[in-house]
Amino acid sequence: MNAGRSRSEEDNEGPLLPGGFEDLLEFVPAWVGETAQARWDIRSGHSMAEIRHFYDRILGRADDILKHVEQFPLDALPPPSLRLYQLLLGLAQAAMAVELHNQPRAHNSPWPHYVRIIRGAQPVD
Amino acid sequence: MNEQVTLSSICAADITRKAGLDTGPVPCDPYRSPAYFELERENLFKRAWLCVGRVEQLPEKGSFVTKTIEIWNAPIVITRDKDDRIHSFYNVCAHRGNQVVLPEHGNASRFSCGYHSWTYRNDGLLIGIPDEANFFSVDKKKCGLKPIATAVWEGWIFINHQQEPEVSLETFLGGFGKAFTGMVWGNSNKSIFFEARLNANWKVICDAFAETYHIPCIHPATIGSTFANKINPFSRPISAEFWGPHRQVSTFGNPDYAPAEHAKVERFAYANIDTGNVLGASEKGAMETFLAHKAVNPTRSQHWAVDVTWVFPNFHIDLSPGGFWSHRFWPVSVNSTRWEAEFHIPNAIDARTRFQQELYIARLAEILLEDVTNTERTQRGINSMAHDVMHLQDGEVMIRHSLHHVDKWVKAKTVAEALA
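Residue numbers (this note's numbering), protein chains in the order written: chain L, 1 to 125; chain F, 126 to 545.
If we strip away everything but chain L, and leave its shape as in the complex, we get (with noise of 0.2 Å):
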């Protein structure tokens, strides 16, 4: 019986990630930001090295997962195809440390810091 059940425990009982993206579930939950600060947060307390690791494997199936959220109206995904699209957002906080920095977090700025993202970009914040 469901009756009485919340819908995220019904969630949880679901796959984490959609099929054919099982590769990824090492990222969860810990690189599923649900907003562009929980996002930027989460690669600032990465390492360098596990920033790297997550940029290759996301990066390495980027057009994949595109391909796959692009069969669903951006702000209805259900929430496996949700979680592996914040993993691909996620993609973009590791681009910041491997592509510009070359480091986990920018040059001569502090952490933490006060700087807040309060509101991002929609659909899916």
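I should point out that these hints are in silico values taken from the structure, not numbers from a laboratory.
Just to be clear, a hint being listed does not mean it is correct.
[Claimed, not checked] No farther apart than 25 Å at their CA atoms in a straight line, the calculated lysine to any residue pairs in the SDA-like style are these:
1. F:K389 / L:H46
2. F:K389 / L:R61
3. F:K389 / L:E70
[Stated by the list, open to error] Calculated Cβ distances over 12 Å to all of chain L for the following chain F residues:
4. D147
5. G187
6. E195
7. H241
8. A274
9. Q287
10. L294
11. G300
12. P358
13. S426
14. G506
15. H512
16. M515
17. D519
18. E542
If you're wondering where the values come from, they're calculated on a predicted model, not measured in any experiment.
Think of the CB as a built atom: it goes at the ideal place given N, C-alpha and C, for glycine as much as any other residue.
Using the hints, position chain F against chain L.
Frame of chain L; chain F shown alone:
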């Protein structure tokens, strides 16, 4: 090729003298003196028109937003009434001073104070006092929400602390307002919003976004190669405009910028999208009307990147090939400031575009972090009293112009005198 000749054909020279400004060092005291800050509070921030946002943030009749104007020590509420008029009020109950509207935004035709339920219409009128018979002839007409002088220019909402402002918003904006009339403020109904409370004087933070001399140093990885190249290694501005206390500098963009070979994610994100440069988020093709405006890239330079427009005293509007963004710098104390920045982008139509926007946000966050955290180091240095003055170069002309006009307002007896 003689690089010096090429540079002079791109970038205006002697901007500072042409603007009628001195070229000597400028004083540090306005950045650290508590007494000067109090003069700024009374003579500048309580007399100038201050931008608090855009009308799209109040999208419907009944929309409201609440804010705190720290330099006034005032909680305020901005409303759109049933006749689509925009009002601002002190968010303070006439009964015993409690704050009436608590949510940050919402929609309501009336507001009820949480303390004793005095009730106000969204045009400020007091319409209900519970157990009114037990009061001593309170005149309800005189007990509405206290209005704040409010005016709208091109969709931007401005407020003034003076109950009857000495000059209209139109007069205050002067030539700047005329030059920017008819601008297309695309995607202004939504924004990416950044905020930080920083331990630095408000002018230190304004200044950080007012010159490009710092770009190769502070932002070597994030935007260094976007805004400088071999011909213009120190990112000198292309041109400058001044309108009374308001000002604009057009900054240089490297026309040969392309994502580095190793920047695989940047190449993936921008595979089918051209936003002009990495600070823009809207596709260039969609921006034609905006880009055709005379105030955008006013010299029609092929090396144009961004017009940094500083509306006196604490408001920046930046125009780029990919759209516009704005900063507001709210003084809290002599060395603390609340900074807010809003970047306007379209709703993503597909997953790749949304990903490109995420890369845009990620890069912005890095750039802004580099800028604003540097301001705290600057303030500590200024506070040390190691130096009495700062040395500004020609490309830092907006800082000099700002200090000149701040000082004029601080010392002027009337607004007319400050604007003269």
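Separation of A274 of chain F from chain L, once the least beta-carbon distance is taken, above 12 Å
Holds, because the least Cβ-Cβ distance between A274 of chain F and chain L comes to about 28 Å, which exceeds 12 Å.
Is it the case that L294 of chain F keeps its Cβ farther than 12 Å from each residue Cβ in chain L?
Check passes; 27 Å lies beyond 12 Å.
Just want to verify: H241 of chain F was marked as not at the interface with chain L; is every Cβ pair farther apart than 12 Å?
Holds, since 33 Å exceeds 12 Å.
Beyond 12 Å from every chain L Cβ: check whether that's true for E195 of chain F.
Holds: least Cβ distance 15 Å, greater than 12 Å.
Distance rule for P358 of chain F, whose beta carbon must clear each one in chain L by more than 12 Å
holds, 19 Å
Taking 12 Å as the cut and beta carbons as the points, is D147 of chain F off the interface with chain L?
It holds; D147 of chain F is separated from chain L by about 32 Å at its closest Cβ, greater than 12 Å.
For a C-alpha distance cap of 25 Å, please report whether K389 of chain F and H46 of chain L respect it.
holds, 20 Å
Between K389 of chain F and E70 of chain L, does the CA-CA distance stay at or below 25 Å?
This hinted pair holds, its Cα atoms lying about 21 Å apart.
Can we trust that D519 of chain F is non-interface, i.e. its beta-carbon lies farther than 12 Å from all of chain L?
D519 of chain F clear of chain L: closest Cβ-Cβ about 26 Å, beyond 12 Å.
Is the Cβ of G187 of chain F farther than 12 Å from every Cβ of chain L?
holds, 22 Å
Beyond 12 Å from chain L, beta-carbon-wise, is E542 of chain F?
About 38 Å separates E542 of chain F from the closest Cβ of chain L, which puts it past 12 Å; holds.
Taking C-beta pairs only, is M515 of chain F more than 12 Å away from all of chain L?
holds, 20 Å
In summary, this structure violates none of the numbered hints.
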